[in-house]
Amino acid sequence: MRLHKKICKRLILLFMTFWLSGCAPFTENKLIEEISPVTFLSISKGDKGKLTVSTIMPPLSKEKKFVMSQEVSLLKEGVQKYNLNFYQEMKSGQMRMLVISDELGRDGIMSIINVLLTDPDISPRIYLVIVKGNFDEYLESQLDKDENFDYSFYRMLKHYEEKNQGELTVVNLHEFKNLLYTPYSDPFLPVFKLEEDGVNYEGTALFKDDKLVETISSLDDRIFQLINNDHYLVVLPIQKFEIVLGHVRSKVIVDIDSSYSTMTYTVNIDTRIEEYRGEKQLFDPKQLENMKKDIETHLEKQTHELVKKMQELKVDPLQLGIQTKRPFSKPMEEKKWIEMFEKMDIKIKYNINIDPLTDANSKRQNL
Amino acid sequence: MYMFWKKKQIENKLVAQSITESELSIEALKKSLVQMDDAEFVEIDISVIRKIHLVYIRTLIDQEKLNESIIKPLTKCSKPSIQDCITNSSIIHIPNFIEAKKQLFSGSILLFDSSQNLWLAVPLKNPIGRAIETSETETIMFGAKDSFSEQVEQNITLIRRRLPIHELKAEKFTVGSMSETSVVLMYIEGLTNPDFVSTVKEKISEINFDLFFDSSQVAAFLEDHQNSIFPQFQQTDRPDVVAYSLGLGKITLLVDNTPFALVAPITFFHLFQSPEDYINRWVVASFLRIIRYVCFLLSVSLIPIYVALTTHHYQMIPIQTLLVLVDSRSKLPFTPFWEAFIMLIFIEIIKEASLRMPTKTSQTLGVIGGIVIGQAAVEAGFASNVLIVMVGISTIASFLIPNYLMTKANSLMQLMLLVFSSLLGIIGIALGSIAILAHLNSLSSIKQPYFSPVSPFFRKDWIDLFIRGPLTKMLERPEHLKPLKLKRYKTRR
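Protein chains in written order, with UniProt numbering: chain A, 1 to 367; chain B, 1 to 493.
Any given hint might turn out to be false.
[Claimed, not checked] Below are the DSS-like pairs computed for lysine-lysine, each with C-alpha atoms no more than 30 angstroms apart in a straight line:
1. LYS145(A) <-> LYS331(B)
2. LYS331(B) <-> LYS81(A)
3. LYS9(A) <-> LYS447(B)
4. LYS314(A) <-> LYS193(A)
5. LYS5(A) <-> LYS447(B)
6. LYS331(B) <-> LYS65(A)
7. LYS331(B) <-> LYS62(A)
8. LYS240(A) <-> LYS292(A)
[To be verified] Derived coverage of chain A by chain B (criterion: at least 3 residues anywhere in the stretch with Cβ under 8 angstroms from a Cβ of chain B; other residues may be distant):
9. 52-66
10. 83-96
11. 104-112
No wet-lab data here; the hints were simulated from the structure.
Cβ atoms here follow ideal geometry from the backbone N, Cα and C, with glycine treated the same way.
Chain A extracted, bound-state conformation:
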């Protein structure tokens, strides 16, 4: 009898270990050789408000791959349809990228983001990417050439994400969610364009809430990386002056006046000249100073235009609204801020410090 009681107590303890910790002793079959953990999903607009979900199957093994595409009205429905059409069960725990077509982006992607966020299997670190063009067709054409196209693409995004390499915008689900749901901020995503020679980085897509409104590219995108995203650029070519600035690091100081009518946006830059093909004699401090002034005005103009565009579109990816927050006072409503932001006079000021590559103050200046 005593033994029975003892065993009973132990069983209760064991049961409680699982019960209290919320662990079910019934586990899903997740043997790696029996599942196919997809690495990415590509979502685009289908007919009649439906979604086209496609991916490469089988994702990891070295078997012959093919592009699987399903037209569905719900995202998870696509996952279920995959299972019915393929001998391995699809699992989303290894998902690394979500490729969204720009048409779908313009319609809004809130529902997709919410599905991903609520799935405990999906890591919040998956990269979100906007693609211009038909991605499915592109995948089909790539299968013969590059079997691990998806993996190479993932490695590229991962490379530029780590320690802000300053080349392209990389945004993961967690960051996107934060920008989407935080007041005074709007999300942005990288945009890739499908061309014959491959997938090319085009620029950054600006979102108003969950809807894509504008894509900024070339110098605008560089400036955006510099003042907001990475605060670092490996190279900043300015064709107008035939000059390339390298290792550009920025510090941004934002100042807003008490009436919230004017904002001063000061960008301090430390850089050095990497390449110059112009006529100016850069060893001459005066000419170098002139050059600096020219670059400053050029960047100020460009940045001003960029911010102007944002004001017109009523998007605030730079999170300037945070500047209106004051201690001991109720934060401004987002709507009110956007109205204010639209009319705000924003002054841009660049201070460039160019590290001399040679001793510019030496005797050689007179030569």
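Got chain A sorted already, so can you dock chain B onto it with the hints?
Using the frame of chain A, we list chain B on its own:
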């Protein structure tokens, strides 16, 4: 059932017969030593009326010394007392028959002077035995090379040479009703906690068994927890380790006919300490000790983690590794658990075989084992490449633990975690680890907590726990051993 019962009755009768002997006489001895070829009865005539009887077991005594120190002097003896003639240093008076037999079988020569009716015993033990050799179980690069042998007296000598102080006590006990094995309890009086000594003495007195051929058999009777897989006595054949342990306040048991001494109380962390730790420079020694702990964790958990990840947590595997894993696992007939289980059992078989086989054949074994495990298993599709690498790493890692008994415990823990991991994944490993930790915390070695100085916590002892601090900083003996003298230096006046 009837057959067994009958047998028992016969045994009882035999026991009853052998007890009825008491009177000490040559005839009684002859009667009890009948049918023993090596029992010798010799008569030496000193004078016409005086005869000396010698009784001894030929195989147990030193024949040369017998001639030198007893027979030669006795034939020339003219003194009234034979004690004065014999040149041997120790002579024992024998009061009764039981004592006589005890002396006879421990290698003494019995002398009977019929004129004085005097029984004497002269110990002349046969010195046959191994010389002092290098330790094979605890090999080190630097440091003393001598190790214990099977003769307990010689072993005590080796310890006394290292600790030439009068406080070092050596108390002798006899255990085993048939083997009559002598067990020597050594400790330093005034330093070792008397509780340890009394605990061990009490346990030795409670031993009721017939045969003891090894110190581990004695340890089995002294241990607090017999069903545990963890050893509660440190077995060592190195006199320097024993002397160091004694100096810290531990007790040591030397068992006759065993080269392995028992040291107690020990903790779980003692199993990771090598004698070389105290010879190497402290930084190097600390590094090696940390590596040993890491290897222990690796050897216990690496394969369970592999099984957990491949069966339950594919999400946690880095995608690069997953590519390799899926590729190597795609055509295997077994699930990860069975694959790992079979490989581990196979490794155990090879380990055991290499121990039992003579050294000349072990080379063949190594080649066959290596090829079978390394290549054939993969090519035949029994195991994946990745698992072979992991089995290799965890097996080699398990060899880093200096204590051999612990290596055996390791494999069992690994198998237990393997089962847990295949059932519940990482949560299973966590539950299994909790179970192991709880068990370790409940253990004790001669009633001292097995997991100290971590729990119960002794801050100062951590200097010689996961790291081996500089000797000049280790000025106090470990607190968890509760020594009577804590300081290792002489206090200035």
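Hint numbers the structure violates, sorted upward?
-> Number 11 only.
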